[in-house]
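A.B. asks: Okay, here's what each chain looks like letter by letter:
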Amino acid sequence: MNDISFTSYTASADETISLGRKLGAALKTGDVVALVGELGSGKTCFAKGLGLGLGVASDTVINSPSFSLVNEYEGRYPFYHIDGYRLENLLEFLSAGLDHYFNMEGVVAMEWADRWPEILPDYNIRVELMIEGEVNRKITLTANHPRAIEILEEIKNA
Amino acid sequence: MNILGIDTSCDDTSAGIIADGRLVLSNVVHSQIRIHSPYGGVVPELASREHLRNIMPVVREALLRAHLEFPDLDAVSVTVGPGLVGSLLVGLYYAKAIAYTHGIPMIGVNHLEGHILSIFLEETSPSFPFIALTVSGGHTSLYHVTGYGQYTQLGQTLDDAAGEAFDKVSKILGLGYPGGVAIERQALSGCKDRINFPRVYLSNDSLNFSFSGLKTAVALYIKKWREDGIENNNITQADIAASFQESVVDVLVRKVMMARDKTGISTIVIAGGVACNRALRERLFREAEAHDLRVYIPSPQYCTDNGAMIALAGYQRYLAGEFADLATDVRSKYPIKDLPLIEAC
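Going down the list, the protein sequences come from chains U and S.
Taking my numbering, I'd label the letters of the first sequence as residues 1 to 158.
Taking my numbering, I'd label the letters of the second sequence as residues 159 to 503.
Careful, some of the hints might be misleading.
Straight-line alpha carbon distances no greater than 30 Å define the calculated BS3-like cross-link-like pairs of lysine-lysine that follow [claimed, not checked]: (1) K491/S / K22/U; (2) K138/U / K22/U; (3) K138/U / K381/S; (4) K382/S / K138/U; (5) K495/S / K420/S; (6) K28/U / K491/S; (7) K254/S / K495/S; (8) K329/S / K138/U.
Here are some chain U residues pointing at chain S (derived, C-beta under 7 Å) [stated by the list, open to error]: (9) T44; (10) N63; (11) S68; (12) S95.
Not everything, but these chain U residues come out facing chain S in the computed CB check (under 8 Å) [stated by the list, open to error]: (13) L39; (14) G40; (15) V61; (16) S64; (17) S66; (18) F67; (19) E72; (20) A96; (21) G97; (22) E134.
For the record, the hints were derived by calculation from the structure and aren't laboratory data.
In this text, all values refer to a predicted model and were calculated from it rather than measured experimentally.
Ideal Cβ positions, reconstructed from N, Cα and C, are used throughout, including at glycine.
Let the hints inform the model, and build the full structure from the sequences given.
C.D. replies: Next comes the structure, spelled out in structure tokens:
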């Protein structure tokens, strides 16, 4: 199966949230979003958008799970926002019980996803964020699995 | 009466015992007894399985230091949330076992309430009402506190917690973990006015916080600073640390003053790990003198996660007759507004 991908350029945090929201609206239970990008590239910002698109109440604050490792929200489906930033290795990831969220009913967004290739399901939608300027970001969405491709086709045509 | 408090909500396994609601008999965090642990060696900081290893030695040590034994306990108080489910479960099930075995009541405590009330572990404590700022790696929130069990959230971080910004900047600078201590030490030899990092206040009347933009600005600055070559500019790592720290302190202090103006309450309590930061403490005490504020900050051992504060919060719930039965479950999300109100007498 061939990868499909498309790239968007955002010029503010709000635009990054909007793009996340568009993707979030197309997600269903079982979907996984892999967020990749350096510190400050907008991973949490994008996840805020995913939550909004998934119907998490707009007065619910979606903030960084770096310390808590995972934040859970209620939207159309449960939404799990995972961040393994503080974890050193796979053993720590597993002993924190984070792998368990991939088997639960709901949608998972995982920050620093490229650091955990052993954990990341292959049906993930990869969202790579690059810093282009102070507020400008290049965001590339990639899919190489039928379900993930279906989602990207849907939002591309939206 | 003796209450044992247990906290396993995050990285640290901790247990404390207090007598009659506020006299601390012991307060033990696993890192303090690691050398005496039968497992010895390197113990990873994270992970619920570490709590499993630590919980019994930590509670035993808390009893030992208090010169007590299990039958001397009148109640056991335990954090039920918010936190990592796997970690919370270890503390909760151990507390259940103690309660069941020794026939004593159990109290389920909200970790954030523990922090807000931690100031009452000190000899000098405020009277109600007060403004509480809880600021740590996981939280940055302002509360209006009118009594035990009476809290209204005024604001919170919309993205990163202040302590998280410290940790991340510290990591970029290669200064290690925990970032708060490392940045503070480095900042001592730097100039805080050297670089003007952004202060994000959101709107004029918002009591919410945002530290994500500051983190990004510092990250971009450091990247450029490194590219320019350290020899080619006269800004030091210490200058960056000091300027960053100053920006965080400015925002925290300004929001505290705004909360004071909004509520008309000039008693301020600061709690959580970042409350250990000396630059923040010094600035707040200066502001207190200049603006007629009463500022209370617990000593560092009670700022960071600890069992004594859970025992103290549990004591107030005990007085209110709120007990947890053996079917009690943990709550990964547990906002302060979900807490049962304790009626004022």
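A.B. asks: Against each hint, give a clear statement of whether it holds in the structure.
C.D. replies: Outcome of the hint check:
1. K491/S / K22/U: holds (26 Å)
2. K138/U / K22/U: holds (16 Å)
3. K138/U / K381/S: OK: K138/U and K381/S at ~18 Å, within 30 Å.
4. K382/S / K138/U: Distance of about 19 Å is within 30 Å: holds.
5. K495/S / K420/S: With a Cα-Cα distance of about 20 Å, the restraint between K495/S and K420/S holds, given a limit of 30 Å.
6. K28/U / K491/S: Holds: K28/U and K491/S sit about 22 Å apart, inside 30 Å.
7. K254/S / K495/S: holds (25 Å)
8. K329/S / K138/U: holds (24 Å)
9. T44: It holds, given that the least Cβ distance between T44/U and chain S is near 6 Å, below 7 Å.
10. N63: At 5 Å from the nearest chain S Cβ, N63/U passes the 7 Å test, so the hint holds.
11. S68: holds (5 Å)
12. S95: Hint holds; S95/U Cβ to chain S Cβ min 4 Å, cut 7 Å.
13. L39: holds (5 Å)
14. G40: holds (3 Å)
15. V61: holds (6 Å)
16. S64: It holds, given that the least Cβ distance between S64/U and chain S is near 5 Å, below 8 Å.
17. S66: With a closest approach of 5 Å, the S66/U hint holds.
18. F67: holds (4 Å)
19. E72: holds (6 Å)
20. A96: holds (5 Å)
21. G97: With a minimum Cβ separation of about 4 Å from chain S (threshold 8 Å), the hint on G97/U holds.
22. E134: Holds - the Cβ of E134/U comes within 8 Å of chain S, reaching about 7 Å at its closest.
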